[in-house]
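Build the complex: two chains, separate frames, hints provided.
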Amino acid sequence: MHALALLAASVTVMGAVMAMTRRVAVHAVLYLVVTLLALATVLVMLGASFAAMLEIIIYAGAIMVLFVFVIMMINLGQPDSAREKEWLRPRAWCGPGVLATIMCAELLYCLNPPSGPAPAPITAHDVGLSLFGRYVLMVELVSFLLLAGLVSAFHIGRNRVGGR
Amino acid sequence: MPAFSFNDTLLLATIVFSVGLAGILVRRNMVFMLMALDIMLNATALVFVAAGARWHDATGQVMFVLVLALAAVETAVGLGIIMCLHAHGRPTLDADTGNLLGGQGRG
Numbered sequence: 001m002h003a004l005a006l007l008a009a010s011v012t013v014m015g016a017v018m019a020m021t022r023r024v025a026v027h028a029v030l031y032l033v034v035t036l037l038a039l040a041t042v043l044v045m046l047g048a049s050f051a052a053m054l055e056i057i058i059y060a061g062a063i064m065v066l067f068v069f070v071i072m073m074i075n076l077g078q079p080d081s082a083r084e085k086e087w088l089r090p091r092a093w094c095g096p097g098v099l100a101t102i103m104c105a106e107l108l109y110c111l112n113p114p115s116g117p118a119p120a121p122i123t124a125h126d127v128g129l130s131l132f133g134r135y136v137l138m139v140e141l142v143s144f145l146l147l148a149g150l151v152s153a154f155h156i157g158r159n160r161v162g163g164r
Numbered sequence: 001m002p003a004f005s006f007n008d009t010l011l012l013a014t015i016v017f018s019v020g021l022a023g024i025l026v027r028r029n030m031v032f033m034l035m036a037l038d039i040m041l042n043a044t045a046l047v048f049v050a051a052g053a054r055w056h057d058a059t060g061q062v063m064f065v066l067v068l069a070l071a072a073v074e075t076a077v078g079l080g081i082i083m084c085l086h087a088h089g090r091p092t093l094d095a096d097t098g099n100l101l102g103g104q105g106r107g
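For the record, the sequence lines run as chains A and B. Quick note: the first sequence uses my numbering, first residue 1, plus one each step. Quick note: the second sequence uses my numbering, first residue 1, plus one each step.
So that you can see chain B by itself, here it is in the shape it has in the complex (with noise of 0.2 Å):
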């Protein structure tokens, strides 16, 4: 009997994700933001990678590559976001404040 059976590894990312998700929508800091992202996406991967074992077929670790590069470009925008609007003057990374196109935060 393998030490995760489908159904708890299901239940594991059920929470892991259920954490970024609560995450995402608590935390207003945008590289906290970004770490609930990177949580959720993980938790989708292991989705995949239980999945590929529970069915014994190398699809799953496949999906898991991409969805690890999918992660690693986006952390890297995101990255490369926060650092311009902090470079502009932001004085806070509140993700509430940037709602004007202009970049001259709450209007």
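Only chain A is shown next, with the shape it has when bound in the complex (with noise of 0.2 Å):
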């Protein structure tokens, strides 16, 4: 296996195993967002690039941005300025940094891409070929899935800011 490979399955793991081994919430979402990162890059090395940057966008962006936001909100027992320090202390963030900044390091390593036959990438005009022909009706599936969702996510909110 090739060695950037190897490197980007290992973040990967390690990310996990750290994201579910820490007792504070914040610390594991910061290693969560890591692992989504080497794990783009595993699929940008499987030749999924557009598959890669949607991981990015929608997984490290919005949904751990959900997390952080729904996290923020349950903690707010403690006092602002302890709560802060104690999130803010150099090893909450050394790991994640650290493991991130190999993935940055890959990343400009990899700018002038390395000599030798790549795999022919599925680009994002075949994946939207394939989405909106063969595949039209599990849209409309998944649409359907996504009022759910909201529909659902609007009650247990709308239950919640009534008060009982």
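None of these hints come from the bench; they were simulated from the model. These numbers come from a predicted model, not from an experiment. By construction, the Cβ of each residue, glycine as well, lies at the ideal position given by its N, Cα and C atoms. There may be inaccurate statements among the hints.
[Claimed, not checked] Covered, in the sense of this in silico footprint (three residues per stretch, anywhere, with C-beta under 8 Å from a C-beta of chain B), are these stretches of chain A:
#1 7 to 18
#2 21 to 34
#3 47 to 61
#4 140 to 148
[Said to hold, decoys possible] Heads up, incomplete: computed chain B residues facing chain A, CB under 7 Å, no partners named:
#5 3
#6 12
#7 19
#8 35
#9 39
#10 64
#11 66
#12 78
#13 79
[Unchecked claim] To give a feel for the contact side, a few chain B residues facing chain A, derived at Cβ under 8 Å:
#14 73
#15 77
#16 86
So this is what it looks like as structure tokens:
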């Protein structure tokens, strides 16, 4: 296996293990973001650039923001300054920082692509044609699923705001 | 020769899925259980993409997009439930305390 591939895979596994063994939820979210970035690198190496971009934008961008938002709202009980001091200690962000630096170094190293036959990539064009051609019914089903999620999230949130 | 062979990717996905499964079995905090679910969904999506790359078919990435939508919905609803439980004055996020439908905690 290529050394870069081994590096990305090991960062993925290490980030997942660290995310599952942290005690503080924010630290776990940091490790999880690094895991998702490394997994996006693995996807790029598989020739799926479109999937990797979606992974970064939607997963590491949107879904992780949801997690951070909820964790911030849940931990409101403690005093602010003590909580932030707890979160900003170096040993909280050192591990994710090191892993993210490894991924960044790998990205910089790969800016001029190494020679050799790369796997023929599957472009977003192919994915879009397949998505809205053969699998258009599944897209409709996913839109139903998203609508159901929207309605249920709104319902749960409305009960909370209404107060009981 | 591609950087990842199909077997390597399957091995990586198995390890990541096992980590997520162990997390959801060991951790009782609901936020961590959601994170473990996300890790497991990522592993399955990785298998889809790897299979699509192995047989050079766009269907793998189509399934990746669908898994992504599923993960987004699951995370949104799960975090909404956590917020609801927290707003009702539950002191902990331990999943084992929510074993009654009345929401009154351990019976």
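Hint-by-hint comparison with the structure:
no.	hint	verdict
1	7 to 18	holds (count 5)
2	21 to 34	holds (count 4)
3	47 to 61	holds (count 8)
4	140 to 148	holds (count 4)
5	3	holds, 4 Å
6	12	holds, 5 Å
7	19	holds, 4 Å
8	35	holds, 6 Å
9	39	holds, 5 Å
10	64	holds, 5 Å
11	66	holds, 6 Å
12	78	violated, 9 Å
13	79	holds, 5 Å
14	73	holds, 4 Å
15	77	holds, 5 Å
16	86	holds, 5 Å
Hint 12 alone, counting from the list given before, is not met by this structure.
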